[in-house]
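Build the full structure now, drawing on both the sequences and the hints.
4 protein chains.
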Amino acid sequence: MMEEKEIIEKLLNGEMKLHEIEKYTENIKMSVDIRRKFAETVSNTNLDHLSKYSLSMEEALKRNIENPIGTVQIPVGIAGPLEVYGEHAKGDYYVPLATSEGALVASVNRGCSVIKSACGVTARIIDDKMTRAPVIKTESISEALKIKNWIKDNFSKLKNAAESTTRHGKLVKIDPVVVVGKYVYPRFIYTTGDSMGMNMVTIATETALKILTEETSAHVISLSGNLDVDKKPAAINMIEGRGKTISAEISIPRDIVEKKLKTTPEAIVEVNIAKNLVGSAIAGSMGFNAHYANMIGAIFLATGQDEAHIVEGSLGITLAEVINGDLYFSVTLPDVPIATFGGGTRLETAHECLDIMGVYGTGNVGKFAEIVSGTVLAGELSLLGALAAGHLARAHKDLGRG
Amino acid sequence: MMEEKEIIEKLLNGEMKLHEIEKYTENIKMSVDIRRKFAETVSNTNLDHLSKYSLSMEEALKRNIENPIGTVQIPVGIAGPLEVYGEHAKGDYYVPLATSEGALVASVNRGCSVIKSACGVTARIIDDKMTRAPVIKTESISEALKIKNWIKDNFSKLKNAAESTTRHGKLVKIDPVVVVGKYVYPRFIYTTGDSMGMNMVTIATETALKILTEETSAHVISLSGNLDVDKKPAAINMIEGRGKTISAEISIPRDIVEKKLKTTPEAIVEVNIAKNLVGSAIAGSMGFNAHYANMIGAIFLATGQDEAHIVEGSLGITLAEVINGDLYFSVTLPDVPIATFGGGTRLETAHECLDIMGVYGTGNVGKFAEIVSGTVLAGELSLLGALAAGHLARAHKDLGRG
Amino acid sequence: MMEEKEIIEKLLNGEMKLHEIEKYTENIKMSVDIRRKFAETVSNTNLDHLSKYSLSMEEALKRNIENPIGTVQIPVGIAGPLEVYGEHAKGDYYVPLATSEGALVASVNRGCSVIKSACGVTARIIDDKMTRAPVIKTESISEALKIKNWIKDNFSKLKNAAESTTRHGKLVKIDPVVVVGKYVYPRFIYTTGDSMGMNMVTIATETALKILTEETSAHVISLSGNLDVDKKPAAINMIEGRGKTISAEISIPRDIVEKKLKTTPEAIVEVNIAKNLVGSAIAGSMGFNAHYANMIGAIFLATGQDEAHIVEGSLGITLAEVINGDLYFSVTLPDVPIATFGGGTRLETAHECLDIMGVYGTGNVGKFAEIVSGTVLAGELSLLGALAAGHLARAHKDLGRG
Amino acid sequence: MMEEKEIIEKLLNGEMKLHEIEKYTENIKMSVDIRRKFAETVSNTNLDHLSKYSLSMEEALKRNIENPIGTVQIPVGIAGPLEVYGEHAKGDYYVPLATSEGALVASVNRGCSVIKSACGVTARIIDDKMTRAPVIKTESISEALKIKNWIKDNFSKLKNAAESTTRHGKLVKIDPVVVVGKYVYPRFIYTTGDSMGMNMVTIATETALKILTEETSAHVISLSGNLDVDKKPAAINMIEGRGKTISAEISIPRDIVEKKLKTTPEAIVEVNIAKNLVGSAIAGSMGFNAHYANMIGAIFLATGQDEAHIVEGSLGITLAEVINGDLYFSVTLPDVPIATFGGGTRLETAHECLDIMGVYGTGNVGKFAEIVSGTVLAGELSLLGALAAGHLARAHKDLGRG
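The listed protein sequences correspond, in order, to chains U, W, C and S.
The opening position of the first sequence corresponds to residue 1 in the numbering used here, with each subsequent residue numbered one higher.
The opening position of the second sequence corresponds to residue 1001 in the numbering used here, with each subsequent residue numbered one higher.
The opening position of the third sequence corresponds to residue 2001 in the numbering used here, with each subsequent residue numbered one higher.
The opening position of the fourth sequence corresponds to residue 3001 in the numbering used here, with each subsequent residue numbered one higher.
Do not take every clue at face value.
Using 25 Å as the maximum straight-line C-alpha spacing, the simulated DSS-like pairs for lysine-lysine come out as follows [what the hints assert, rightly or not]:
no., chain 1, residue 1, chain 2, residue 2
1, W, LYS1010, U, LYS29
2, U, LYS170, C, LYS2152
3, S, LYS3037, S, LYS3023
4, C, LYS2023, S, LYS3259
5, S, LYS3005, S, LYS3029
6, U, LYS173, C, LYS2157
7, C, LYS2152, U, LYS173
8, U, LYS259, W, LYS1023
9, S, LYS3062, C, LYS2052
10, W, LYS1129, S, LYS3152
11, C, LYS2210, C, LYS2152
12, W, LYS1023, W, LYS1010
13, C, LYS2017, S, LYS3037
14, C, LYS2037, S, LYS3029
15, C, LYS2062, S, LYS3260
Keep in mind that the hints were calculated from the coordinates and are not lab data.
What follows is the structure, encoded as structure tokens:
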């Protein structure tokens, strides 16, 4: 074991690399402290708050982070009760939201209050899958066409290979298999049980591809050919869905809209058409909504989801309609990759946030997905209400933010 | 002041609302504790880790959160040294990355090492702006056309009104002014000095709109008409840019590619074309890259940026080319809204993370933007290298993640 | 029967409608002449050339036109020989191109000459289908989900109903079935034999929907819900294909590129990347090519295809690569709705143009599709060559067009 | 001069090229006849109808076609009277539509009848421009940024150069100037007077680029970098417009909707939302309409516009709203490149079709654009009405088309 001082010196003069510290220290805490001190030294600053964590860095180092120096703290507020009726979630929930954007939790909370007055949202999981789509190169378009057909003809074989790597993952179909010139892009579609499944489908697909490359002349250029599409906004995810495809709806009596949102059903419908449908159409946006990313982001951070998946969760379409004088309102999110165990969900605070909703661990992802859809509806409704009532800038001004 | 027990009872039976606790407690800490205990009570769970924060919740409550119950802890690792040569950043930096996705920091760190061997990346800020685009309704298309022309003819007046609300914000132009039927969508484009500026431009635009509605028959439907486009993926942001438009590039000698990335320049170029350009083209994606969202996400969380803006940071185009046998590689991100003060950057751990790079506070956002572009290049290069070398699934397997 | 003069008077004073003329005339020619004279009268002009047609207006009036006044004449040039090796087309073809855009036929012809020197293009049909996607409304998202599942569970029943209306159409699958709030969008995918099939699938789908509406609470809002997608550019067609999905490729020796196109393989590859891939990516275009629409348009007009389908034929991706110093070049068009009989193909001049390629009538659409893909390659190659050689503006100047 | 037989023999054995015939014949008619006979010979068919043209092939050969063998005849029907009130068009017009798609003219005609009953459409030209956007390569991103700034700083110089090539073209601005890695994409935006202007702006831009390449290190990769965007569907054209940006609107009393369209304002609004807005949003379409391409296509063919520009004319957004029980309906097309002289408009039948509307020649393009927008509204309204009334498939069945 080396002394702290010696390690920092070696880091400074380049004799040691940042990821090698663990080799020379007695325990993880010590290595984290040394690395942070090194960071303090090179930047001539104090990183005291980064060191004030309670989670087990030993565990985090195994699964979640490399070169750790501590943790960031992001404030968590709760909104609720959110009344949700899904196939899994039934009743009132308090939703933890991690954010540094003032007014967001208050806005979602206001939405929850409207929802409560209107006796709850209905939530449904429309679809559930995880995808991986490699890109394969062949010698010619006629070879590419043969590979496309080979994949179709040998689906069972590929399925067996893929599923040999996982207990919970099932290869449902390979669709579409797109051919562009010599390139072939098969989209492997799996169900992944309760896990988010990105890693599972990556390994399963690689194994299936071994069969393909052994039995054909195909050459795998990349295990992902961007037809998955992971962590990037994409029309294919909007159309086909990825992760959980979720929807929530509510019918709100006119007097509640007027009293609680200070506007009318008609005004909200008009904002939805002019902004969410037509405005997004002009802008070439895939987010036909006001701000799904805000709610998705705050729940994802609170519960240890992959922050880069917020990108996918920003897609979706809000609908509003006046029915018999009342407001019908729905949100639909085609692409929400989430889990209730594994990955970042095991981090202590994420675990606790999932516990607040009673959804930590296997068997709970359906319930969680429904709560997420209800939360998105709460926040979306609240903002559209504020825009319709002309309150947005005022809210920002009150917060005096820059 | 009320007793904890009484407050929790009132919360439970609905006599008190979650956001009212602060009215009945002596200090913020107490209200946070009570609210968390309430959450523990309703969910029958223990939220101990959420309570282990060191940041000032008094301050957070003013600007960043409502209904707080504590904080989540997200592990922070550092990657570096990242050698960057921009107009502001010059030299070596250590980059804090907050994530729960195992392998990400290691991957960026590997990229930094390749960059170091190749004597650094060049970074540039291509453009810098913040936008707000309301939707206005008129009586008819001829009225809409008149309003469009009025906006053009009265730009100075609108500019004066907008700029009366801010010291640093400048209304640069209103462009485009899109007309669809009776609706008019003017896109207000501002420079906002060192702040991210979303709030600034919201207030400024609202003030300008008052002039418009007083002097014309136009009716503001919504202060945002989704042509901004905020927190949603959108072609207009890809084309016109939003926030910082940043780019970074590097030329890497062939032997370094072979030794450090275990692949060839040609293989990386082919992955880039087949996956990032062609694959994304088929998929209808706006992310012509492998995983910008990962790096953007991890830096945003570490430094207190708005997590929903990760959506915008996922856009962009990676280019790779073989020049004289060596690898030329660049990343371009049209839409990265960031700041070095205000908003979430003031949170204690975010402040510290910005300090590690020496970019906290005003006057530093240019330097920060350049470091961000270099970090994105590091991570993108590393993943494309791994894909080209066929290492992706192996990395995932080693981590044994689900 | 009425006199010409009387009819024109009645048309002028509104007593007769334009489509009623046929009721009062002895034959179609007469009605066409009268209608044209009426048009001459109201516009005070001479429409002599419109009357100089040889096609049978009697037949056209049954299937192709209403309120006819004559025909437009569009010049037809031929390009070729185009050497194509597909599964159906084998050998040399002369391709008729109807256009008024000077230089287009010459450009395609130049491409054919390069192709000939390089011993022909390879062509393949990657996929073949026609789609119709209605939009259905339900009472709630839970009902919408039930309808989605009902459609899945009752596929055979829907298939039988759909196929009862047609001899050649087969309902292959209904996929995807997208749910957004209360709306359900099932995409009916058919094979349609040799016909283009739009009309066939419209009638088949309507019949299938009758079953759906009889057995469920679903309400058909519109027989097309724009997920088909007919005559509009759409990501779903890019991804899933529609009509014929076709591809053609060629390998061109370096010396031929240099001699015939006055440029290098490298320069063409660079234009393709910078313009067709990256430029289109920035622009948010679905045409990752230079000008497919030109060739598709000119063939469509010559052969009586539906001109509005040129929109779909504009989609697709061009690839170029230097392999062993030579140029590899391919075009892929995911969405080319064409036919060799029915619709406009029966018009006399269209019939003749199809005859030039030996593809009129049933059993020939595969051959025709392959020739189309080769023609697109010829024109695309020629323009990219001209751009790479810096010749575009010169060509335009020589034509002296405005 | 050579004998027909000899020429055909030389063509057959490859001693003569198709485009060389004119060199060996006395006049154009003869060369056209020989080329057609050659086509008849190689395809063993009769091309009699192709020879039945009245237009001057001498003139066509100068500007519109190469290797001519005759003309195709496409039936023209007229719809009307279309009552339009624009800034240029005022009153009733008969619109020539060239198509082989049965039911289209009838459908537009029905729309005209509804419009007439409702006292006409209002039409407006929202914007008018033509664009050319080259792609330029530099040595590095810092060079690219310098070129971007150079373009901004030297706008006057570039404007003078560009405008030196044209009497009518004016370079309005160069915007945006997009940088991606080393590539720079400046979008040159012109007004082009009455011409469509594609050729004009191509030559002007090439001349401006000469200044750029002389005074900087920039290298022009391609005169078009696909940011124009010409003849391809593109978000940038949807946002910024290209050619004429046009809009038309109408308010239709409820009883007319019910009587003439056999449906209700509410049903049309619902079809518009479910299909044109939401359906297109899911599908990733840029056509938020039912079938603009049909009307645009039929007018373009009748009047000699460039058929490949139908692609651009397919973009746009239809809006429908119930106001006081009546139907408000509008169409907006951002990207309609048209002209009333030059190009294909000079062809005899195109000239005549323009004459029917009184818009041939300079000074008329505004009037023509307004009539086009009214025609699109007529056809769009008619189809949405038919869909709302459930009549689409029936119309197709009556025509018995395949």
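Here is what the structure says about each hint:
1. W:LYS1010 / U:LYS29: 42 Å, violated
2. U:LYS170 / C:LYS2152: Holds, because 19 Å separates the two Cα atoms, which is no more than 25 Å.
3. S:LYS3037 / S:LYS3023: Judged against 25 Å, a Cα distance of about 17 Å means the pair holds.
4. C:LYS2023 / S:LYS3259: Given that 25 Å is the threshold and the Cα spacing comes to 24 Å, the pair holds.
5. S:LYS3005 / S:LYS3029: Holds - the C-alpha atoms of S:LYS3029 and S:LYS3005 are around 16 Å apart, at most 25 Å.
6. U:LYS173 / C:LYS2157: It holds: about 23 Å lies between the C-alpha atoms, which stays within 25 Å.
7. C:LYS2152 / U:LYS173: 15 Å, holds
8. U:LYS259 / W:LYS1023: 24 Å, holds
9. S:LYS3062 / C:LYS2052: The given pair, whose Cα atoms are some 22 Å apart, holds under the 25 Å limit.
10. W:LYS1129 / S:LYS3152: 17 Å, holds
11. C:LYS2210 / C:LYS2152: 16 Å, holds
12. W:LYS1023 / W:LYS1010: Judged against 25 Å, a Cα distance of about 13 Å means the pair holds.
13. C:LYS2017 / S:LYS3037: 44 Å, violated
14. C:LYS2037 / S:LYS3029: Violated, because 29 Å separates the two Cα atoms, which is more than 25 Å.
15. C:LYS2062 / S:LYS3260: Distance ~24 Å between C:LYS2062 and S:LYS3260 Cα, so the pair holds.
Consistency with the previously given hints fails for numbers 1, 13, 14, ordered from lowest to highest.
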